[in-house]
Amino acid sequence: MSNYQGDFNVPHHGAPEGPIESMWSDYKFKAPLINPKNKRKYKVIVVGSGLAGGSTAATLGELGYQVECFCYQDSPRRAHSIAAQGGINAAKNYRNDGDSVYRLFYDTIKGGDFRSREQNVYRLAEVSGNIIDQCVAQGVPFAREYGGLLDNRSFGGAQVSRTFYAAGQTGQQLLIGCYQALSKEIAKGSVTMHRRHEMIELVLVEGEAKGIVVRDMVTGEISTHSADAVVLATGGYGNVFFLSTNAMGCNVTATFRAYKKGAYMANPCFTQIHPTCIPVSGEYQSKLTLMSESLRNDGRVWAPKNAADAKKDPADIPEEDRDYFLERKYPAFGNLAPRDISSRAAKEVCDEGRGVGPTGLGVYLDFEEAIGTYGEDTIRARYGNLFQMYSKITGEDPYKRPMRIYPAVHYTMGGLWVDYNLMSNVPGLHVIGEANFSDHGANRLGASALMQGLSDGYFVLPSTITKYLSKAKPGAVTTDHPAFVEAKESAEARINKLMSINGSRSVDSLHKKLGKIMWEKCGMARSEEGLKEAIQELKELKEEFWSDVRITGTADSFNMELEKAYRVADFIEFGELMCHDALNREESCGGHFRVEHQFTDADPEVQAGTTQAGEAKRDDENFAYIAAWEHQEGAEAPALHKEMLDYKEVKLSVRSYQ
Amino acid sequence: MSTTLTLNLKVWRQANTQDKGKFETLKAEDIPVDASFLEMLDIVNEQLINDNREPIHFDHDCREGICGMCSLNINGIPHGKDSGITTCQLHMRKFNNNDTIWVEPFRSKAFPIIKDLAVDRTAFDRIIEAGGYIDVRTGSAQDANSLPIQKELADDAFASAACIGCGACVAACKNASAMLFVSAKVNHLNSLPQGQPEKNKRVLGMVRQMDSEGFGNCTNQFECEAACPKEISVDNIAKLNSSYTIAALGEAAGS
Chain E
103 MSNYQGDFNV PHHGAPEGPI ESMWSDYKFK APLINPKNKR KYKVIVVGSG
153 LAGGSTAATL GELGYQVECF CYQDSPRRAH SIAAQGGINA AKNYRNDGDS
203 VYRLFYDTIK GGDFRSREQN VYRLAEVSGN IIDQCVAQGV PFAREYGGLL
253 DNRSFGGAQV SRTFYAAGQT GQQLLIGCYQ ALSKEIAKGS VTMHRRHEMI
303 ELVLVEGEAK GIVVRDMVTG EISTHSADAV VLATGGYGNV FFLSTNAMGC
353 NVTATFRAYK KGAYMANPCF TQIHPTCIPV SGEYQSKLTL MSESLRNDGR
403 VWAPKNAADA KKDPADIPEE DRDYFLERKY PAFGNLAPRD ISSRAAKEVC
453 DEGRGVGPTG LGVYLDFEEA IGTYGEDTIR ARYGNLFQMY SKITGEDPYK
503 RPMRIYPAVH YTMGGLWVDY NLMSNVPGLH VIGEANFSDH GANRLGASAL
553 MQGLSDGYFV LPSTITKYLS KAKPGAVTTD HPAFVEAKES AEARINKLMS
603 INGSRSVDSL HKKLGKIMWE KCGMARSEEG LKEAIQELKE LKEEFWSDVR
653 ITGTADSFNM ELEKAYRVAD FIEFGELMCH DALNREESCG GHFRVEHQFT
703 DADPEVQAGT TQAGEAKRDD ENFAYIAAWE HQEGAEAPAL HKEMLDYKEV
753 KLSVRSYQ
Chain G
1329 MSTTLTLNLK VWRQANTQDK GKFETLKAED IPVDASFLEM LDIVNEQLIN
1379 DNREPIHFDH DCREGICGMC SLNINGIPHG KDSGITTCQL HMRKFNNNDT
1429 IWVEPFRSKA FPIIKDLAVD RTAFDRIIEA GGYIDVRTGS AQDANSLPIQ
1479 KELADDAFAS AACIGCGACV AACKNASAML FVSAKVNHLN SLPQGQPEKN
1529 KRVLGMVRQM DSEGFGNCTN QFECEAACPK EISVDNIAKL NSSYTIAALG
1579 EAAGS
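Residue numbers (our numbering), protein chains in the order written: chain E, 103 to 760; chain G, 1329 to 1583.
It is possible that part of the hints are untrue.
With a straight-line cut-off of 20 Å between C-alpha atoms, the simulated EDC-like cross-links for lysine to aspartate or glutamate are [stated by the list, open to error]:
1) E:K615 <-> G:E1374
2) E:K132 <-> E:E119
3) E:K502 <-> E:E471
4) G:K1567 <-> G:D1484
5) E:K750 <-> E:D722
6) E:K290 <-> G:D1463
7) G:K1479 <-> E:D253
8) E:K599 <-> E:D658
9) E:K614 <-> G:E1374
10) E:K618 <-> G:E1374
11) E:K753 <-> E:E123
12) E:K414 <-> E:E470
13) E:K502 <-> E:E470
14) G:K1355 <-> G:E1382
15) G:K1422 <-> E:E498
16) G:K1422 <-> E:D499
17) E:K644 <-> E:E675
18) G:K1529 <-> G:E1579
19) G:K1567 <-> G:D1539
20) G:K1409 <-> G:E1432
21) G:K1479 <-> E:D479
22) G:K1409 <-> E:E498
23) E:K290 <-> G:E1526
24) E:K634 <-> E:E646
25) G:K1479 <-> E:E247
26) E:K502 <-> E:D418
27) E:K599 <-> G:E1382
28) G:K1527 <-> G:D1463
29) E:K618 <-> E:E385
30) E:K431 <-> E:E707
31) E:K599 <-> E:E588
32) E:K634 <-> E:E645
Okay, the calculated beta carbon distance ranges per label pair [unchecked claim]:
33) G:A1343 <-> E:D748: 55 to 65 Å
34) E:D423 <-> G:T1353: 45 to 55 Å
35) E:V587 <-> G:N1344: 24 to 34 Å
36) G:E1559 <-> E:Y476: 18 to 28 Å
To give an idea of the interface, some chain G residues facing chain E are shown, with a C-beta separation under 10 Å as derived from the structure [to be verified]:
37) V1361
38) S1468
39) D1471
It is worth saying that the hints were derived from the structure and are not from the lab. Glycine residues also receive a C-beta, built at the ideal position from the N, C-alpha and C atoms.
Starting from the given sequences, assemble the full structure and let the hints guide the process.
Below, the structure is given as structure tokens:
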């Protein structure tokens, strides 16, 4: 059993009792309201301007609050939500194929390998339909059928077609809709936008979140901002691996600073490795590019049956020598098996020496059959921009030759712990979108990240934040408070310390080193031995970083190296926290695969045919809980708190996609 | 063909907005042909840092052609010489060994240079704030399928909405006109039924904001379309001109 003792000292999740179907309406009815005249007196800080942050800033602005919104990019329109390709789920059942709120709820819980909180997930499914209505009203140009109604496609882990899309640019179109809503509020003066400003510290006043410290990335000026509540919508931490599909600037600093101030970090080891990315081609590589899951609607994944064929031209490998391994292993879901399962299947094939491409770390995603059936034009209309991206990066033509793909870090399910109000254990600190942990358990289903970001931002947080605000006296704290002065000084001291090291290593070279440790020891397969080694190596890396990093330029100017250094310093410590979480969780579930915990031929479930040898083996008896970690200054390891998962609706079962 | 390249870079270096700026000659060595243009700059920057010099500053984020943040003028062409791509999607296999490459920021009076190759494009945000949206409150929408929209119309709106707001159109234009950017947004929203109630207000507001930001006039050279990474059509500009005229006449007539 785990060496981390743990207690149950987590605040109650705050979801009301009663039937799940009416829980959210009951909650809203009972939640305190703030009258329109009083709303004006409250100020809310929103950090991040992606789908979650942008939509909540716009909606809070519409409601009458004073909103201050911050983003590190040069415009809120550039947040990384923009890169989401395939689509957004909603339980509209426009296809009449048996979809419902309950089915979306169930699929999401099961897809998350039974490690998410039922109440939050049900609410997500419940408001999913409203998101589509809202976006269409904003002018988001979703794909339509000839009859003029909205089109749908299928995504992994579901047997219904509930994904709405705009070619391969769904995230972009949703974010532009959200950015336009935000722009409308900026024009009205209800939202003040701070571009190229990065949050570097959270400010607590008497234990409650009342503001932030930010750095102006152009002038280097450090300033403090106070508010009645703080909302973090700062995305995920995939860049802890250096190589991921995240944008270059995505970082953990905002949430990690909050963690250091006492906010619990929940399930940080739950990271999603996406099966279909363009494989790594060399050391110089700065990021990985996703090829949307939607491609698996028409593309067939295969590898050569014989390792001897791995280096052959795919056209020279006859049909009978190809292994369509997803179709073989998971006949019910086939190429649309969920991400964690598909990724592991691809890794297994490569581990067996059957991987393709120059590095041997790749499998084929083949459109030959689909092009034969529907014609090249139809395939171009469905995925044109993705095929173009692929050919620009690789120099190969995917209409003629199957794509080569390999799993890559894509999304992080873990994040700051929040209750049903989307508030962390630190009063006043709210966390939404990918930055929180709540909805996707141990594995997120495709097309659900956009849904969660917009659900939290447009529909949930603007209602739940009143629970905290109604108890707070508006404008009670200003930046004159000593807590702000102190937080600013400590952030400045940290920057000065970084600038004074004057070592020999570039930030990127140390970030790459971090990425290697994380990918090898806390990536697709994790073991007790590897994780223990990783924790040791990360401690050494932290020391190396703080004694040998080189940051050129000055702190009081635009300085890319300083920005990166500030982020990487946090990533290194955060990596250690991830390893502790992975070490503690002695089971395999979703994206978290502990090699010691997998089904073998000796297991009755395998003999009964419910699952197969090598699949993830969950341990519900000992690990059906959310691991919420609390920072302990100076201690060897963080403190573990457990929120037990109390499933009332869904029966825990072996997750089968056969 | 060799798998790495040696290149002579002429890079624009400018400490801040006030600085005059100048070209600096840098050698880029051992550049893999499969690297992207920005990865080539990463390699050069790593070398600069090793030599204890400040790296070349440039804007970038998603590195997959969709965020619109990267913005380099490469040998005089915004996003470089390849069609339908952003700077981050330009790969070094498009260059030859010993090429000289001129790297500059997007240049326009309305896009002041912040440092080296990074420019301030907030003028685009202010144009959107002047009407580039549909004023619909969260929660007030009807069921999405209660408003059927012809597929062709939706596809056209999507083609205009594909703009990533990078500013290549401005950088490519000898007049630094923002007409392609503005027209793409106006047509995206004004062509849809949801955008009708505010269509006149939208086009007037956005065009006037564009003028006040210091962008130049369009003289139909269509360099913008050639440089656009999302291949937004100049037909949008013709449609913008006609909707602007209708709106302005309506305004003059007091309707």
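Next item on the list: Find the hints from earlier in the document that the structure breaks and name them by number, from lowest to highest.
Entry: none
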